[in-house]
Each structure stands twice: as structure tokens, then as C-alpha cells.
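Use these hints to put chain B onto chain A, whose structure you have.
Line by line, the protein sequences give chains A and B.
Just so we're aligned, residue 1 is where the first sequence starts under this note's numbering, counting upward by one.
Just so we're aligned, residue 1 is where the second sequence starts under this note's numbering, counting upward by one.
None of these hints come from the bench; they were simulated from the model.
Just so you know, not all the hints are guaranteed correct.
Computed Cβ-Cβ distance ranges for the label pairs, DEER-style [what the hints assert, rightly or not]:
#: 1; chain 1: A; residue 1: D46; chain 2: B; residue 2: G145; range: 26 to 36 Å
#: 2; chain 1: A; residue 1: P54; chain 2: B; residue 2: S43; range: 14 to 24 Å
#: 3; chain 1: B; residue 1: R143; chain 2: A; residue 2: S36; range: 37 to 47 Å
#: 4; chain 1: A; residue 1: E44; chain 2: B; residue 2: D33; range: 49 to 59 Å
#: 5; chain 1: B; residue 1: P48; chain 2: A; residue 2: R72; range: 36 to 46 Å
#: 6; chain 1: B; residue 1: T51; chain 2: A; residue 2: P54; range: 55 to 65 Å
#: 7; chain 1: B; residue 1: P125; chain 2: A; residue 2: F52; range: 32 to 42 Å
#: 8; chain 1: B; residue 1: A34; chain 2: A; residue 2: E55; range: 29 to 39 Å
#: 9; chain 1: B; residue 1: A169; chain 2: A; residue 2: F52; range: 41 to 51 Å
#: 10; chain 1: A; residue 1: F52; chain 2: B; residue 2: R206; range: 36 to 46 Å
#: 11; chain 1: A; residue 1: F52; chain 2: B; residue 2: D33; range: 21 to 31 Å
#: 12; chain 1: A; residue 1: E55; chain 2: B; residue 2: K172; range: 27 to 37 Å
#: 13; chain 1: A; residue 1: E14; chain 2: B; residue 2: R143; range: 42 to 52 Å
#: 14; chain 1: A; residue 1: I2; chain 2: B; residue 2: R143; range: 47 to 57 Å
Reference listing, derived: stretches of chain A covered by chain B, where coverage requires no fewer than 3 residues with Cβ under 8 Å from a Cβ of chain B [as the list claims (entries may be wrong)]:
#: 15; stretch: 24-38
#: 16; stretch: 41-47
Cβ atoms here follow ideal geometry from the backbone N, Cα and C, with glycine treated the same way.
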Amino acid sequence: MIDPEDVVEPEWVEWYGMTPLERLEASERLWEQYLSMGGSLDPEPDTQSPFFDPEAPPAVPADGRAGMRVVRRGGV
Amino acid sequence: MGGQACVLYGAAEFSRDLDLALLIEPENLRRLDAVLDELDAHSIAVPPFDTQYLARGHAVHFRCQHSDVRGLRIDVMSKLRGVDDFPSLWSRRTVLQTEDGVEFNLLSLADLVKAKKTQRDKDWPMIRRLMEAHYFQSRLSPREGHLQFWLLELRTPELLIEIANDHKALAKDVANARPLLRFASAGDLPSLTAAVEDEERLERERDRLYWEPLKRELAQLRRRR
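Next up, chain A with everything else stripped away, as it sits in the complex:
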């Protein structure tokens, strides 16, 4: 019998083993972290979606909140 570890990475094994409620709670914690760091709820354009409209204006946060920004870039 194939073990989950044989076909997926350890973090997926753990995720698969959780109950729906545990996954929901983990997802909510991620959301809280994301939003606390200034993350925006406005999704990035999905250019592969049949709904993608190249002319649609991006949402501008009404409160001026800029979301996460790069403070310093490392060289490549």
C-alpha cells in the first residue's frame, strides 16, 4: 500500500490528515496573518480565466492602504 509520504510532500500529508474544521481554522489563521501584514483582498488578475478583462480597472483601496510593498530588493 502506497503511503501518502510516497507521493506528496510532508506538509501535504499533514494537511490531508486534518479534519475539514481543522483545515478551515488553519486557513483562517493564514488569512489573519496575511491581512495583518497589509495583504489585500482584491485578487490579482487571472489572465487564464475566460472572465479576464484586460481593460478592467484594478480596485483602488478606498482607505489608501497600499498592502504589502517591497522595502528593499536583493540583487540577482
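Frame of chain A, contents of chain B only:
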């Protein structure tokens, strides 16, 4: 029916929108209007919020301005490619309830997997995760229909070979509907892996063809706005 459903079923998607499937009935539309009002959500892009577009398979898009959910996008659809009509989806739905009584009505896993077979790159790893999660959660005590469901929808070649090896007669039967199972029955991992990829390419092309007339209609609406 989108990213949130995937999380509850066992895949994971950091989805920043909310996808809703809606039965077009006056009472539902009234309730949707009330929710959109509460969220200060406004229709964006095309098509406009009109049931004729929902009935033809378009999605209507909203963006919320309420301070709690500012920027959140809500996509509403009534008809999905490759899945049954809404009453059938609703009759097969999964209902999950939290300890404090909050209910989630989700597309059944089988319907969600079908709905995820789109032209977008990001949906295919999701199907694989959804199916793996279901298989690993249920394989020790599979219910009626599970084995056939796994043979039809799993996208992990190693697991398909395992099931085909353990259930030879069933795999042979189901191969009539999914010919690549012949590679699974033969234990031919390279050919099976290639066939799974071909299957994805074909399905993505079907989705592109399905959307062509709808995209033309959207382009016309954009020109008119």
C-alpha cells in the same frame, strides 16, 4: 464552490475571491441582493447583473466596499461547464457544520472536480490534491462507488496503478470510460503519466472551445460599455 470548498475537502488554495453557484429563482435573487447590499458590493466588468447572462453560463462579478471586506471579489454563476444543472448539484451537495452551527453548503466532491477541469493552470494541481485527500482519507473503508470514482478521477499515476492492481476487474470495466487505465493495469508508469497529461491537455482544450462564444459575447459587451 471554489477555493473555500477546496480547503474544506482537503486541498489548499489561498483564494482571494468567493465563488457562488446560484439557482436563478426570485427568492434567491432577492437574498443575493440583500447580501450584496450588506457587503456594499457592486457589479464590476461585464456582463451586467442580469439573469439572462447567468442562464447562458456567464459569471457576474462583484467587488465589495464594506470596510470588513474591502476589495473582496465575489463571482456568481448559475451554470458550469461539464456539470449537471443546479437542482442536481444542490441535491448532491455536501453540508458541513461547525460546532457553533455555521453551515457550509458545498458542491459534492465529484461535482467540484468536474467543475475544476478548466483551461487554467492552477485548477489541475487542485484536482490532484482533492482526489489524493479523498483517497487517503477513505481508502481503508471505501464506500460504494468510491473505487470507481477514484479510477475515474485520480490524477496521481502511482495511486491509479495501486487501485488497478488491487481491483483488476473493476479497472478493466472503468477503462472503457477512461482508456488510460489500461496503462495503470499494466503497471506502465511512464505511459500512464504521459496519458494523464494528455487527458489534461484535451480537457483544457474542451474548456477553451466551450468559452469561445461566451468570450466573443463578453468582448462585444466591453466594446459597448
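- Message: Please check whether the stretch 24-38 of chain A has three or more residues whose CB lies within less than 8 Å of a CB on chain B.
- Response: holds (count 4)
- Supplied distance hint 36 to 46 Å, evaluated on CB atoms of B:P48 and A:R72: With Cβ atoms ~44 Å apart, the hint holds.
- Distance restraint hint 21 to 31 Å, applied to the beta-carbon atoms of A:F52 and B:D33: holds (26 Å)
- Message: Closer than 8 Å Cβ to Cβ for three or more residues is the test here. Does the stretch 41-47 of chain A pass it with chain B?
- Response: holds (count 5)
- Kindly confirm whether 37 to 47 Å is satisfied by the beta carbon distance between B:R143 and A:S36. About 41 Å separates the Cβ atoms of B:R143 and A:S36, which means 37 to 47 Å holds.
- Item | B:T51 versus A:P54 beta-carbon gap, inside 55 to 65 Å or not | violated (27 Å)
- May I ask you to test the hint 47 to 57 Å on the CB atoms belonging to A:I2 and B:R143? violated (20 Å)
- Please test the hint of 42 to 52 Å on the beta carbon pair from A:E14 and B:R143. violated (25 Å)
- Message: I want to verify a distance hint. Is the separation of the beta carbons of A:E44 and B:D33 within 49 to 59 Å?
- Response: violated (28 Å)
- Task: Given the hint of 36 to 46 Å, check if A:F52 and B:R206 actually sit that far apart at their C-beta atoms.
- Result: violated (19 Å)
- Task: Could you tell me whether the CB distance from B:A34 to A:E55 stays inside 29 to 39 Å?
- Result: Given about 31 Å between the Cβ atoms, the range holds.
- Starting from the range 32 to 42 Å, see whether the pair B:P125 and A:F52 falls in it by beta-carbon distance. violated (20 Å)
When held up to the earlier numbered hints, the structure conflicts with 4, 6, 7, 10, 12, 13, 14 and fits the remainder.
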